[in-house]
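Once you have looked at the hints, place chain L on chain S.
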Amino acid sequence: MREVAVVAFGQSRHVRDSAETSEVEMLMPVLHDVLARTGLTAGEIDFTCSGSADYLAGRAFSFTMALDGVGAWPPISESHVEMDGAWALYEAWVKILTGEAETALVYAYGKSSPGEVRDVLTRQLDPYYLAPLWPDSVALAALQARALIDAGLTDERELAGIAARSRAAAAANPYAQLRGAVPVGEPLAAPLRTGDCPPVSDGAAAVVLAAGDTARRLTERPAWIRGLDHRIEAHSPGVRDLTDSPSTRLAAERAGYFERPVDTAELHAPFTSQEVVLRRALDLGGTAGADVRINPSGGALAANPVMAAGLIRIGEAAARIQRGESERALAHATSGPCLQQNLVAVLEGEAR
Amino acid sequence: MSNAAHKEPVAVVGIGQTKHVAARRDVSLAGLVREAARRALDDAELTWADIDAVVIGKAPDFFEGVMMPELYLADALGAVGKPVLRVHTAGSVGGSTALVATNLVAARVHRTVLTLAFEKQSESNAMWGLSLPIPFQQPLLAGAGGFFAPHVRAYMRRTGAPATVGSLVAYKDRRNALKNPYAHLHEEDITLEKVQSSPMLWDPIRYSETCPSSDGACAMVLTDRAGAARAPRPAAWVHGGAMRSEPTLFAGKDFVSPQAGKDCAADVYRQAGLTDPRRQIDAVEMYVPFSWYEPMWLENLGFAEEGEGWKLTEAGVTALDGDLPVNPSGGVLSTNPIGASGMLRFAEAALQVRGQAGAHQVDGARRALGHAYGGGSQFFAMWLVGADSPAA
Numbered sequence: 001m002r003e004v005a006v007v008a009f010g011q012s013r014h015v016r017d018s019a020e021t022s023e024v025e026m027l028m029p030v031l032h033d034v035l036a037r038t039g040l041t042a043g044e045i046d047f048t049c050s051g052s053a054d055y056l057a058g059r060a061f062s063f064t065m066a067l068d069g070v071g072a073w074p075p076i077s078e079s080h081v082e083m084d085g086a087w088a089l090y091e092a093w094v095k096i097l098t099g100e101a102e103t104a105l106v107y108a109y110g111k112s113s114p115g116e117v118r119d120v121l122t123r124q125l126d127p128y129y130l131a132p133l134w135p136d137s138v139a140l141a142a143l144q145a146r147a148l149i150d151a152g153l154t155d156e157r158e159l160a161g162i163a164a165r166s167r168a169a170a171a172a173n174p175y176a177q178l179r180g181a182v183p184v185g186e187p188l189a190a191p192l193r194t195g196d197c198p199p200v201s202d203g204a205a206a207v208v209l210a211a212g213d214t215a216r217r218l219t220e221r222p223a224w225i226r227g228l229d230h231r232i233e234a235h236s237p238g239v240r241d242l243t244d245s246p247s248t249r250l251a252a253e254r255a256g257y258f259e260r261p262v263d264t265a266e267l268h269a270p271f272t273s274q275e276v277v278l279r280r281a282l283d284l285g286g287t288a289g290a291d292v293r294i295n296p297s298g299g300a301l302a303a304n305p306v307m308a309a310g311l312i313r314i315g316e317a318a319a320r321i322q323r324g325e326s327e328r329a330l331a332h333a334t335s336g337p338c339l340q341q342n343l344v345a346v347l348e349g350e351a352r
Numbered sequence: 001m002s003n004a005a006h007k008e009p010v011a012v013v014g015i016g017q018t019k020h021v022a023a024r025r026d027v028s029l030a031g032l033v034r035e036a037a038r039r040a041l042d043d044a045e046l047t048w049a050d051i052d053a054v055v056i057g058k059a060p061d062f063f064e065g066v067m068m069p070e071l072y073l074a075d076a077l078g079a080v081g082k083p084v085l086r087v088h089t090a091g092s093v094g095g096s097t098a099l100v101a102t103n104l105v106a107a108r109v110h111r112t113v114l115t116l117a118f119e120k121q122s123e124s125n126a127m128w129g130l131s132l133p134i135p136f137q138q139p140l141l142a143g144a145g146g147f148f149a150p151h152v153r154a155y156m157r158r159t160g161a162p163a164t165v166g167s168l169v170a171y172k173d174r175r176n177a178l179k180n181p182y183a184h185l186h187e188e189d190i191t192l193e194k195v196q197s198s199p200m201l202w203d204p205i206r207y208s209e210t211c212p213s214s215d216g217a218c219a220m221v222l223t224d225r226a227g228a229a230r231a232p233r234p235a236a237w238v239h240g241g242a243m244r245s246e247p248t249l250f251a252g253k254d255f256v257s258p259q260a261g262k263d264c265a266a267d268v269y270r271q272a273g274l275t276d277p278r279r280q281i282d283a284v285e286m287y288v289p290f291s292w293y294e295p296m297w298l299e300n301l302g303f304a305e306e307g308e309g310w311k312l313t314e315a316g317v318t319a320l321d322g323d324l325p326v327n328p329s330g331g332v333l334s335t336n337p338i339g340a341s342g343m344l345r346f347a348e349a350a351l352q353v354r355g356q357a358g359a360h361q362v363d364g365a366r367r368a369l370g371h372a373y374g375g376g377s378q379f380f381a382m383w384l385v386g387a388d389s390p391a392a
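Keeping their order, the protein sequence lines are chains S and L. With this note's numbering, letter number 26 in the first sequence gets 26, and the count goes up by one each step, no holes. With this note's numbering, letter number 229 in the second sequence gets 229, and the count goes up by one each step, no holes.
Isolated chain S, as found in the complex (with noise of 0.2 Å):
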């Protein structure tokens, strides 16, 4: 298999609003952002791919507009996919490994902010049973979360110290929304507060993606991919074990993780009861786990940009190990109601 790597790594500010810029206004300087630091411009991008999902900006095929920030003339080779840009990265990485490829560039953005996207996310459930009567993306994440508690896996205690070391993580990190110290809260839906949910947020996100030589060519440390899968489990909340997350476990070990140690674990968990379930899927936290840095950029609990989210956890666990913080590093990105699709991506720094 052809070797492939993260080369470079850029986001926006996550905002609550951005109300004065356009998608691609908020894309531009993010996707200049990684193009300067691989040199690339974008007509020697061999292959594009974003995701996004039309929904939260409201209008159809919004992301048809997004291509003008890319540059798209003379045509250049292309494709989107309806989902976290994870899974355009996923799509990159096959690309690249069939040959046709050399490099990628990956992006993906959303914006919570024209809409109410507690409201918005219903509209992802089963058209015929489950979405007519709007159960919101908090209210099924504090189902999971009652089932966690419950079946004595964690108690509120426990999420309130994710709460608390997620937003004392993102005070490093200036491009997340949340930052610092935040109280636990207020009960939005029992047994989650305002600290165990996630902020509403406008971003975006980028990645380069590179092959072999090319990669060790644009940057002097490459984030390589060593493993990637992503699996989906049956939609209705009602027929899963909400406190397990099979589908990350599966993947997981499709990507090779639990083959070795990582050292960090960027989990796209925007709920902070869906962190234990993760912890648990990929035996963290326990004796295995305790020395495996989780989410120090803060995670989703700081920056949520829906469709972005995932891609960014990538971005994070690449970076670290570019920036020689990490040897070996864990990515997750997820979809749909509680858990429903994940994504795991396993990442290694040139052994050294």
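Some hints here could point you the wrong way.
[Stated by the list, open to error] According to the in silico footprint, chain S covers these stretches of chain L (three or more CB under 8 Å from chain S):
(1) 244-250
(2) 258-266
[What the hints assert, rightly or not] Residues from chain S that face chain L, not an exhaustive set, calculated with beta carbons under 8 Å:
(3) T64
(4) S77
(5) V81
(6) N173
(7) Y175
(8) G227
(9) R231
(10) D291
[As the list claims (entries may be wrong)] Simulated restraints, written as ranges between beta carbons of each label pair:
(11) S:T21 x L:G65: 23 to 33 Å
(12) S:Y129 x L:R157: 47 to 57 Å
(13) S:R323 x L:D42: 50 to 60 Å
(14) S:E325 x L:P232: 46 to 56 Å
(15) S:G212 x L:F250: 28 to 38 Å
What the hints contain is simulated information worked out from the structure, not anything from laboratory work. Ideal placement from N, C-alpha and C gives every residue a C-beta, glycine not left out.
For chain L alone, coordinates are given in the frame of chain S:
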């Protein structure tokens, strides 16, 4: 770009589609996609357990009112425990989806992949789904036809094509559809006069020169060389596939013959080793939602010199029994479940080279082109399939 010498050859071994109709009120979204997927598996004589991954595509989620429906459809597609990718590249999505699935096999990430595209337009209202609020869109575009009609007029003015060419295409495609049991429109009593006297919608595009709104799904099973060896029926082999995009609107864009379409076709021919596509390709399934796009794309795809495409149409070259049959299935003009329309082009091309196209089979078809486009003639996806496996 590096060479692709290490790619696994990819074969289409199963094809399934629904009978396309205006409204499938008897099935849910899940029921619709499962019907096409089941037929593709049956064609390949495989079970759900043989599928390693699912790649699904459709046009905007607003067409059914379900955000990211692949999440809800995971169960219906037998995908639980598997990877699912959801592609969306506007009208070209059916083609792009098939190409993403092809790459999974070509890269040897998976051995056997199910790819599916659908649209159930009756769940919602496509005109509403496309009617964007100001300031995102000018208020007077009046649907897709309103966007494309000026480009058709530009083509007529540029080439001097007579006004009758569009109706010839519509008449041909609707007659071809009579031979395709899955096609939506079966106009048994169609005549050229009826097409020519149908109401003018967006001058010069008449009602009978436009595509219908359909409910439907299309699915394919793609597999590697070993999988093809076990397949019960002939495989269609992928000899080339490419996507190209350019911005929707910019000064200097050629809406009549976009550069992205030309580049995409050239890339596919290069991969397939074709030097004279007009003679080396036996059948074309082309994305023609408005009749005039047949002569326009004939030029864009390199089958005719600039300004000459309409002459091929007029001379009957693109008829089912012509030298270069275009849309033997009846095409988008007869069947348009938007998100699936591109995949139907790809699948019909594969049916032709497998010799499985039934009454609309082109005799002795060995190489066929599947073509899709989307947005404001902005996104292109194409593949070339052949009856022979690519040289190792």
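Going through the hints against the structure:
1. Coverage of a stretch by a chain is defined here by at least three residues with a beta carbon nearer than 8 Å to that chain's beta carbons; for the stretch 244-250 of chain L and chain S the count is 6, and the condition holds.
2. With 5 residues having a Cβ less than 8 Å from any Cβ of chain S, the stretch 258-266 of chain L passes the three-residue criterion, so the hint holds.
3. Restraint check, T64 (chain S) versus chain L: the minimum CB separation of about 5 Å is within 8 Å; hint holds.
4. Below 8 Å, beta-carbon pairs count as interface contacts, and S77 (chain S) has one with chain L at about 6 Å; its hint therefore holds.
5. Among the interface hints, the one on V81 (chain S) holds; its C-beta lies about 6 Å from the nearest C-beta in chain L, closer than the 8 Å criterion.
6. Because the beta carbon of N173 (chain S) sits about 28 Å from the nearest beta carbon in chain L, more than 8 Å, this interface hint is broken.
7. Because the smallest distance between the Cβ of Y175 (chain S) and any Cβ of chain L comes to about 25 Å, over 8 Å, the interface hint for this residue is violated.
8. Here the hint on G227 (chain S) is broken, as its CB sits about 11 Å from the closest CB of chain L, past 8 Å.
9. The criterion of a C-beta within 8 Å of any C-beta in chain L is met by R231 (chain S), whose closest approach is roughly 6 Å, and the hint holds.
10. A distance limit of 8 Å between C-beta atoms decides the matter here; for D291 (chain S) the minimum to chain L is near 30 Å, and the interface restraint is violated.
11. In this structure the hint that T21 (chain S) and G65 (chain L) lie 23 to 33 Å apart at CB holds, the actual value being about 28 Å.
12. Roughly 54 Å separates the CB atoms of Y129 (chain S) and R157 (chain L), a value that falls within the hinted 47 to 57 Å.
13. Here the CB-CB span from R323 (chain S) to D42 (chain L) is close to 53 Å, well matched to the stated 50 to 60 Å.
14. Checked against the hint of 46 to 56 Å, the C-beta distance between E325 (chain S) and P232 (chain L) comes to roughly 55 Å, which is consistent with it.
15. The beta-carbon spacing between G212 (chain S) and F250 (chain L), approximately 35 Å, falls within the hinted interval of 28 to 38 Å.
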